[in-house]
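Colleague: So the sequence lines, in the order shown, correspond to chains F and G. Anchor point for the first sequence: position 371 equals 371 in our numbering, and the numbering is continuous, going up by one each time. Anchor point for the second sequence: position 301 equals 301 in our numbering, and the numbering is continuous, going up by one each time.
Heads up, none of these hints are tricks.
Calculated cross-link-like contacts (lysine to aspartate or glutamate; reagent style EDC-like; alpha-carbon spacing at most 20 Å):
#, chain 1, residue 1, chain 2, residue 2
1, F, K183, G, E192
2, F, K228, F, E43
3, G, K101, F, D389
4, G, K343, G, D355
5, F, K183, G, E186
6, G, K101, F, D404
To be clear, the hints were calculated from the coordinates, so they are not data collected in a lab.
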Amino acid sequence: MAIKLLLENDKVEGIRYYDAYRKHGGYRSVEKAFKMTPDEIVEEVKKSGLRGRGGAGFPTGMKWSFLAKPEGVPRHLVCNADESEPGTFKDRYLMEFIPHLLIEGLIVSSFALGSNATYIYIRGEYAWIVDILEQAIQEAKNFGWLGKNILGTGFDCEIYVQRGAGAYICGEETALIESLEGKRGNPRIKPPFPAIQGLWMRPTVVNNVETLAAVVPIINMGGEEYAKIGVGRSTGTKLLSACGNINKPGVYEIDMTISVEEFIFSDEYCGGIPKGKRLKACIPGGSSVPILPANLLLKTAKGETRLMNYESLSDGGFATGSMMGSGGFEVLDEDQCVVRHTMSLARFYNHESCGQCSPCREGTGWMYKILKNLEYGKGKMSDIDLLWDIQRKIEGNTICPLGDAAAWPVAAAIRHFRDEFEWHVLNPDESQKRNYGLAHYADPIHVPA
Amino acid sequence: MSETPKFKVTIDNITIEVPAGTTILNAARMIGGDVTPPAMCYYSKLKESGGKCRTCLVEVSKGSEKDPRPMPKLVASCRTTVMDGMEVKNITSDKVIDARKGIVEMLLINHPLDCPVCDQAGECDLQDLSYEHGTEGTRYEFARRTFEKEDIGPYIQLHMTRCILCYRCVNTAAELTNRREHGVLERGDHSEISTLLGKSLDNEFIGNVIDVCPVGALTDKTFRFKNRVWFTKPVDAHRDCPTCSGKVRLWMRGDEVYRVTARKDQWNEVESWICNECRFEKKETKDWVIEGPTKVSRLSVISQGHYVNTEKAHVLIDKVIGKQPKLLMDIHSISEVNRPEIKLSEIEGPAHSDDFKDDVIR
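Isolated chain G (complex conformation) (with noise of 0.2 Å):
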């Protein structure tokens, strides 16, 4: 068997050497940290997915080591295969930054902004977009398109409203089965995903489109509305599946199981599909063989007060900018209530004023 040659590709000034045939895209994963382009349709584990979201745009400024001329427009970096000595700029170019805030604002004029009570806020592909792509107004004054919501099935609820059409879960039903039964409605502005006359879709494996869904259009009915995602505690654990591989990650608070999902990789990608059942039905403890608590990175809003071992921003301030910072009034100084000296967790009950007095304190 021949070896697949490898190509040099540079991607914002870093060099890295990748089989031939590697998108843009996953060569930029392998270096990893900031030159990774986002991606909102582009799914490894889907074959036809990408392309579709333009998040994932990149300038190329040389095309190879054979043809150096640049690429006249941007090209979606999770559909283009690297060539020899190709040279690509992503957030070192300006035309690349200016496109993506573009897209965002693209994606968001219809997106209905409902996060405080979607069920996907903290877990949102689309939120972390717009946190670090977007800008924080809109220009966009018009009504939002909206949809009813629609069950798919006993389990999945469909709400288009949410949706910004990025074909995964098309892309993943097409796959599972081999019925084009759940596919898009209509075009333009004005498309949606639907399922074939409304039916609902019956495959065992089906539950795995509310994991590929970057946004809150699918979610999981036996969780909706049940707890927030940075509240429950993500735990690898397994079981004896017969249809699938059994890994997932279960969402605890406490001895309770709040939801069964795939396990995810650091690309917020599905590692290994997972059945219905273990999915939807085995929501007990004694179900599974817990692994251990899930490694969540300390950037993520799961992980919020999960985690030791973190710095707070404000132990370094003094540090970074070289003196105390200058505090425009102390609260302390006006207030006769909450005292540095006075430690809350110490107050038995709710806090009175009486427990600030003078003589208390001694």
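One chain only, chain F, in its complex shape (with noise of 0.2 Å):
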């Protein structure tokens, strides 16, 4: 049986209330946390070993002892809930139907940062979510766990809503913080990173929605405790929003032991391909993450099992492995073109490129157009090339990760379906009838009973 730590109680009747969250212990993390010191609680999420859950996964409790603690200067806290990843849905999962949740993991982290003004930045087009987060903003206020002296300890925190408009570059954590002060979201230039210089110039964290609510079983349960769930340093669990060619797609929590073969086809998660096709692909965190053809997916180039966790699915580098990322997992079978997967996300990062650094601006613009002129059958042989230039360039030379996220997908999917954008510059009839490309890559699976 699955350790369920985050979703334990989402199908709870009135769960989103306060009422029933307080009575399925619900808030305990808060009562815990506030007889600790802030040092404690630090020290409590670095045992735990918890890793970001927004995509690049970097060891929350460091970057939280990395935050500057000058003397009278506010601290801050923000929530990064700009979900805007294709595929990625996860955050909304938990902030529409346990937003107090995310509340009590935001009360916590405050104390632990001394943020007594804390922000949560959600992305513009989650507007009803808005609302379910006010309200349970209003109901922990009207409880006593927000607003001034919570629970008598002279702690003051407020927490804030704050509606993006509807930029994917917004998830960028100093893009964030521009758009919160007001400003056009563009990225700053690092250094000075955030936990200096961030909001309003003033040291802050900014963390993911599950990453804060991760910090709830973590004070419940002990750093040490939760850092027996999982493999290595993938510790605790993880939700993976899984969508595409699945007969189950939704928000799954995992303990990040299971194999990726286990998760896409058994019963208890995604429940296998529709139609009794094949596995062609998969991106397994986020459609930023490279592409990984089936055979890859479920075993590493050792010939190992691959784990849904940040180690295995990293294993081999880029020339043989991807990235968990934010968890958006998408499936594609045998039916599917790799090509027009590909032109879309392209599309997806040339609309969304800031324009700020040149190689992002006019690198995803160029990458778009060439691959729509490959996916409508106008391709030349030496464009596969060219984009595998372009996306060379541009990666590692911006000013933010979202440059590599533009180039990763366009790389991988070079990478391991090169005959595939071969054949459609060959059949460029052919491939306008059919909507899909070669299927070969979908090795026969054998179904685990």
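Using the hints, put the two standalone chains together into the complex.
Modeller: Here you go:
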């Protein structure tokens, strides 16, 4: 039986509201945390080995300990709820159904970091979730978990919800901070890092929704206990939002010990691929991580079974591996065309590039135009090499990691599915008639009984 | 007051001591020459500028004396401060050269390349950059993005099609005015520089955005299409101006003042801002006290024909290759006209084939 920490009570009637949440053990962690010192909480999070759930997987405890603490300067905690990566919708589920879990995590984390004004920067398209969060904050306030002098400890904390205006780039932490300050959401040039100069030039920590929610079970069960779940440096549980050609799309909580094969084919999770189709490829962690063909997805290059965790998914580097990313698990069956898929991702990154630095601004548009030509049967063989060269010149040369995020999907598609691109060039007419490419990547899969 | 500590930094095997807090780019500028990375968006006079164009990327092969690990990615030298014992590779790094070539290509794919009709030609940073780091051809086969020309104020025209979005003018406007009225609309490759709802800018120093623009996106409407910059002669001059320092550069032809700009240093950066009155309204010689001709680098296109003591390349060619170059064909051996013994300058009026007849030569 899988361990559930975050989604333990997500099916409970009325869990969205305070009464049911409190009845099922809500706000216990706040009571416990306020008996500890802030440094002890940070230590506890460090011990838990919790890694950032937003995509990069940076150890949260370490991030917190980097926070500068100059005298007399307020510090801020910002919750990054600008979840805009195609294929990722785990934070939405969490905020929509168990908003108090996030509020609880925010209160504990604010206390640990000494933030009296904490912000939730939420994606503009999640308009109705703003209301849900506002209501949860009001309820928490009414019951004395927020506001002035919480639980008589003398600690004041307010949580504000700020809506974004619909820009993917504002999910990058410094762009988010700029946007929160009321400016154009352009990423800042680092250094200085937000931990030194963030929101209004004050020390700031920006964490993902799921990361902050995970603080609650860490405090409840203790960091060491939490670290026992999972394998290696992938501790605790992870939310995955599964979508694409699977029988049961949705948000699943896994404990990072199961294999990718189990995740796709077991009935507890995705439930296999519809209509008995074969698996062709998969993007294991949100649209910006490299796509993997079926054979490399289920087994690493060394022949080991690939597990759903940080280390195993990135085993083999980008040559034969991918990344855990934000947990947007997209499955492509044998009928899907990788060229078309890559084109639609390139269109997204072209549309969402902030336009600040030249490689990303010009390169993403160029890649999209070339991919459009390839997809619609107007491509040339040399275009494939050109695409490779463009992505190589974007990667690593931009201000923020979103340049890399735009380059990786294209790179991986060419790396693993080059003959599909070539097929599009050689058979321009046929590629128009059927909306998919070659299917021989789908290895015959043995479905576990 | 405590003295700022000095840091040793090695750029392309040249070591220099600079005060702590200096950026790699400024340290390289102190060395000068080829090791200086090009900069399209960084402007030392503007606080917030830099980091955007990515042409100044360099490789840090050794972080510092304390932490000798190399930096994993190329860094923007204009926004990275030096550490003690840092080792930087600019032109000695293949990675940097390759990345820079890519950046120049990216900057040019949506640039119209209308240099023959652009007023900035001859003093354009992007032109220099493409000559030095670009390739001769383009691999871009699609329509370039275009915009309508827009007048921002009575004196300045914005031609967004040429813009490389360096944000220099935005930073300039932000420093000159306390309102955010000049900025960027939209995002990605369709973002455009614009003023608040198409309003004109009326700050009395706003003309400086023309000088900071590295390309021909912002041009002086009083100078547009009047003359090519290399036909005009730069002259330093000053006047008693109540608003600004009054120290300017006049671009003259004969006695006529074609254009007034601020003085620029060797990195093509304005030395001191000048006001709109000096720039746009004082266009007569009598308004100014002439200090003398501007020293222009002999490598600049603007100095062509103006300066002496330069040796022409072909004078040296036999010294370099050790023999006289072999001509494929001597034009004089087959042509009746343009004979070497006839000096064209001595012929009165337009030359005629009769001028080259044997009896005339005698």
